[in-house]
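Engineer: Based on the hints, put chains X and B in the right spot on chain V.
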Amino acid sequence: MDTADAADRAGAGPGESATHAESGAYASVGHPVPRSEDERHLHGAGRFVADIAWPGALHLAFVRSTVAHGVLRSVRAPALEAGESFWTAADLQDIAHPIVAKLNRPGFQSAPYPCLATDRVRFAGQTIAAVVASSRARAEDLAEMVEVDIDPLPPIASARAAFEPGAPLMHEGWTGNHFMKFTRTFGDFDAAVARAEVHLTRRYRMERLAPSPLETRGCLSVFDRAQGRLLFHTCCQRPHIQRDFLAEQLIGIDQHRIQVLVPDVGGAFGVKTNLYPEELAVAAISIRLGTAVRWIEDRMEHLLSACHARENDESVTIHANRDGEILALEAEYLVDGGAYSMLPSTSAVEANMSANVMPGPYRIRNYRATAMSACTNKAPTGPYRGVGRPAACFAMERTLDELAHVLDMEPHELRRRNLIAADAFPYTSATGLVYDTGNYPPMMDTAVRALGHGEVRAAQQAMAPDARERIGIGYAWYVEQTAHTAKEFFARGSVVLYGFESARIRMDIAGSLTIETSVCSHGQGHATTLAQIASEVTSIPMERIGVRAGDTDVVPYGNGTFASRSVVLAGGAVHQACGRLVERLRAIAANLMQVAPDGLSIGAQAVHGPAGTDPIPFARLAQVALQYVHELPAGIEPGLEFLASYRPPVETGAFSAGVHAAKVAVDIETGAVRLLDYLVVEDCGQTINPMIVDGQVYGGVAQGIGQALLEELRYDAQGQPGTVTLADYLLPGFGEVPEVRIEHQHTLSPFTAYGMKGTGEGGCIGGPAAIGNAVTDALRGLGVSVTRAPVTARDVWTALQAARARDAAGGASEVGAEPAHTWMPSR
Amino acid sequence: MKPAPFRYHRAASLEDAIATLASAGPDDDVRVIAGGQSLGPMLNLRLVRPTVLVDIHRIEALRAIEPLPDGGVRIGACVTHAQLEDLPPGGAFSAANPAVFPAGLADVLRHVAGGIAYRAIRCRGTIGGSLAHADPAADWPSALAALGATIELTGPAGRRNVAARDFCHGLFETAIEPGEVLAAILLPGSGIRRWGRGKHCRKAGEFAHALAVCIDRGGDGVEVWLGATGAAPVAIALDRAFVDGVAGSRASAALRRTRMRERIAASLPAAIAPGDAYARHLHAQVAAEAVIDAMANP
Amino acid sequence: MNAPAPDLIDLELTVNGTARQVRAEARTSLCDLLRDALHLTGTHAGCEHGVCGACTVLLDGQPVRACITLAAACEGRAVTTVEGLSGPLVDRLRAAFHAEHALQCGYCTPGMLVSAVDLLERKPEAGEDEIRRDMSGNLCRCTGYVGIVRAIRSCTRG
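Protein chains in written order, with the numbering used here: chain V, 1 to 827; chain X, 1001 to 1298; chain B, 2001 to 2158.
If we strip away everything but chain V, and leave its shape as in the complex, we get (with noise of 0.2 Å):
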């Protein structure tokens, strides 16, 4: 086919918006291409930045705080031999300032986040000190040694804390323990209120997590003197980010003497997005020694000190009318964000995130809500795949499921009655985004008839009334925004705007091509979905082409890979890129043919000219662009390099959709839950690569079935946390997550090439709604709802034993209730 005009087409106007088969209309785009970063990782070479051979690089260790809150007396040095080095906060300020987080927005709280605390410590983890040596065994005898001395203060170990009455202050300055606060109102709110005739408040808790990619944190920090340059090796998300912010920490060394390297990197979901005190005290200490110091993270630092994420306490109304429908909304939550904020996403996201999410697909018009941040004696929050809309869509589609009780109806039939129509879009929500496209109604309806529902129904009718497992189904649904950029980002108050990706593509003279991104992957096989849309737009084959990421001193500037944004960013800078090239590409051949260009296509590496024509090999146009330059005319610059910087015609991003679909059964006498199926319907537009797409989601799906039935940080009321192995903490296997079932559908963007739209987040978001509605619909019989992420087999027991001791009195009982429930601190 032609691609140049498949090129002309991604440009389409909304009239374009259609639901497209997957990858009958491309040549390269929509197929299932196997990654070509496979190879090196079958065969144990693929090079993580623990793997990063360095001669002569030393190992550093952190000493933590053993307690949650304290003043901190005094750091005594072990005693050290020749080579290895003691450091503390003195011996780092004036090389590298405090960590400051910010967001520009009315009321949020900001304190420094030193590399190594000076007065006090925050949280149990919190890095005190470091030591450096010849190996990281015997870095850790040194830290042990170190004699810390703390007065304990009273900690603060919930977000509820926070706000009584006499909580110590956690930081001087501010006005109260919250990073930030506020109500937010939309529509005619009052109004809808007092015509409703339902209203239904319900009260769940999500806990926290660790986003626990199997590979932790690390960096190895080369200070080259012959250079005068800092190597900044890293596994981080976003090199380019990592490098502006190393540049505002560290004192005394210009931007241009930073170079950041990220190799292979072993996930990350978000949790390396930040950058952290424990890398930009590395970063100090190599420039100090003027030598290579390596920190790699082991799995206990990480689930004691790298961000943390979710712990959000969900309050929420529906006020309804008796047929169903919605006429508002109104949400609260409280979230512990621990004792610092994160840079740059802060301790506010999740809370704000959520708020500002919370109607997802229904046409709601009338919305309050409360978010709020606390300020607590744990580690930090922040960025971790779903951000804020696990919470939000566990809380809305949870009260949406016990609405429909109320009102006698079949969950997803009140949901069909409030989903935004098909012709709705795009759509504005009440809170300001700007849903580009989307087909929600028969989604819903695929989800009921692959779910089975009708089946499940019947089963339950059917099953004895004392039987042991008892079978429940549940949806969950939630739009995922993406691609969105610094319009976006700038009114949420974000210091750091993300507006665009980049990518510079460069043919060489045998015809191959190498794409270097801004982007950086961390499992996202990027390396392959790049090439897919550069051989779409060039003709060249996938083999052919390169992709380079993750080096400052190599790839354009960008902003890297967070927020479900890098195949709508970078690909549509390859995409742009790729045009200009074939634009030159044809410019040249119609030189050498003595014709006008615009009668010219691209196909099979080569440009053909009209009927009767050679067509003239790409190789041999490359051969005119970078050698023989006499043939190339006054008018078409030499070379063929090409840097596209894409910043997408909308700011507000594309938004993807999905709703998830679970089976369960429950187990009575113990409480286990077990998943007996799990159906994603999901519509991402225009999938570049079917197979990635959908690991994206079986990968999302993993961990929010993860967070729904056996992830949570556990803390004591000292703030001592009590999960710090993965013996504790529990992450899903083989056995806990079932064979995923996807149904896709491909709803277009109307402004992104091809009408992409990103995915990389979606799967994650629904699981704990989805379970914990069909745990729910099992034990409805029963008198018990869920209320709270993870649901666990001693709390549906629980709930299941209080139940039948209030049943004579017809009460309920909710799985994971907590006393909670005296909630909202004054706002």
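Just so you know, the hints here were simulated from the structure itself, not pulled from any lab data.
Note that CB positions come from ideal geometry on N, CA and C, so glycine has one too.
Among the hints, a few may not be true.
Between beta-carbon pairs, the in silico distance windows are [as the list claims (entries may be wrong)]:
#1 P2124/B with L626/V: 30 to 40 Å
#2 G2087/B with E631/V: 23 to 33 Å
#3 D323/V with P2124/B: 53 to 63 Å
#4 M463/V with P1269/X: 29 to 39 Å
#5 L2008/B with R1046/X: 18 to 28 Å
#6 Q2062/B with G1091/X: 16 to 26 Å
#7 D1070/X with R40/V: 30 to 40 Å
#8 A79/V with S1267/X: 39 to 49 Å
#9 M463/V with F1207/X: 28 to 38 Å
#10 P2124/B with M463/V: 38 to 48 Å
#11 L497/V with G2061/B: 26 to 36 Å
Structural biologist: Just chains X and B now, kept in the frame of chain V:
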């Protein structure tokens, strides 16, 4: 996450191991290591910090599974879980050794071993190491007590035997005296009529939260052994007539389980998970499942 | 706190078919020995306490956790890491992992391959349930296991 420094001695024989233990200085903390699958994580986390490790894993004499003259079985301390998991079906000792296990015993061993953690752990972890470590959540302490095993300890003063039911004293506490090495597990020759097992984990391969084994060799009573109690395994004795009555009842499975659970709950020692209704329920539930499972076996 | 001086030991072992002589501290894990002393970085440390399975290698043909196996205990023994896996079954398994999208970030992949090779050699006819049970000691945070199960299944004689 690296261990504190220690000296390492690979024992060539049981005698060598015992002599090394005996030669330890007053400031030494000497630990015996076999497969290291329990000790390894604790070393890495620096939860234990021995100054000397004596590795008995390579002592050939401790790696054999052998028939005993009385019809019983001797399992060397360093036999791995995987060796037991892989016992040939039909009860033969091995392809090379056609002698057969007492009836039912190989099935129990295969089942218990195959349920421990993960294959890679089972390939290295040993039955003796697991027992000597005495983590209450481990599988062997309750299973071997239920099987009526005898634990063979060897020390400077020679060899002595301790009944498996008396071997574990509590969390990480056993009958092993300083200087002694757990050398073998001896299993009785009497056949097993029926057996059943219950186990509750939050995820596959995780340490159990409740664990029970019921071995029925005939006789007046039926004993069910509970593990994962936080301390030593606990036996609950049930009256044969009651057990048969429940097992043979025409009541629904749910009702039979309830009757068995309530009976066991009534005998559950107060020291197990005091104040934790769910944990106590789970112990009784899993024990009831083990008994009912046993009775359902032909 | 008074730590004893590190105890250095000399080891001879066979790694991926080659005899190696190494000196290491007694406390060194097999995982660190492979990575640091022998530069075989395909064996990944994920948790260092035996749960995640990323460091799984074959020791005398059997899968073990390299992070909780002392290097000193491997004297005279044969270790196979992901770099040394070979043969027709391994070739098929690698091709199946590639075809079924059984890896994303690749960090768990070496341990997955080692465990899968062992599984397929022991149980060439394993069904899905058995695969899931026997692979349960290897964690993956990216793929949801779907592609891994499919890849292993495609290599069974079922």
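Engineer: So, for every hint listed, does it hold in this structure?
Structural biologist: Now for the hints, and whether the structure bears them out:
1. P2124/B with L626/V: 30 to 40 Å: violated, 54 Å
2. G2087/B with E631/V: 23 to 33 Å: violated, 53 Å
3. D323/V with P2124/B: 53 to 63 Å: holds, 59 Å
4. M463/V with P1269/X: 29 to 39 Å: Distance hint for M463/V, P1269/X holds at roughly 36 Å.
5. L2008/B with R1046/X: 18 to 28 Å: Since L2008/B and R1046/X have Cβ atoms about 20 Å apart, the given range 18 to 28 Å holds.
6. Q2062/B with G1091/X: 16 to 26 Å: holds, 24 Å
7. D1070/X with R40/V: 30 to 40 Å: Given a distance of about 59 Å, which is not inside 30 to 40 Å, the answer is violated.
8. A79/V with S1267/X: 39 to 49 Å: Distance hint for A79/V, S1267/X is violated at roughly 57 Å.
9. M463/V with F1207/X: 28 to 38 Å: holds, 33 Å
10. P2124/B with M463/V: 38 to 48 Å: holds, 39 Å
11. L497/V with G2061/B: 26 to 36 Å: violated, 56 Å
Hints 1, 2, 7, 8 and 11 from the list above are not met by this structure, while the remaining hints are.
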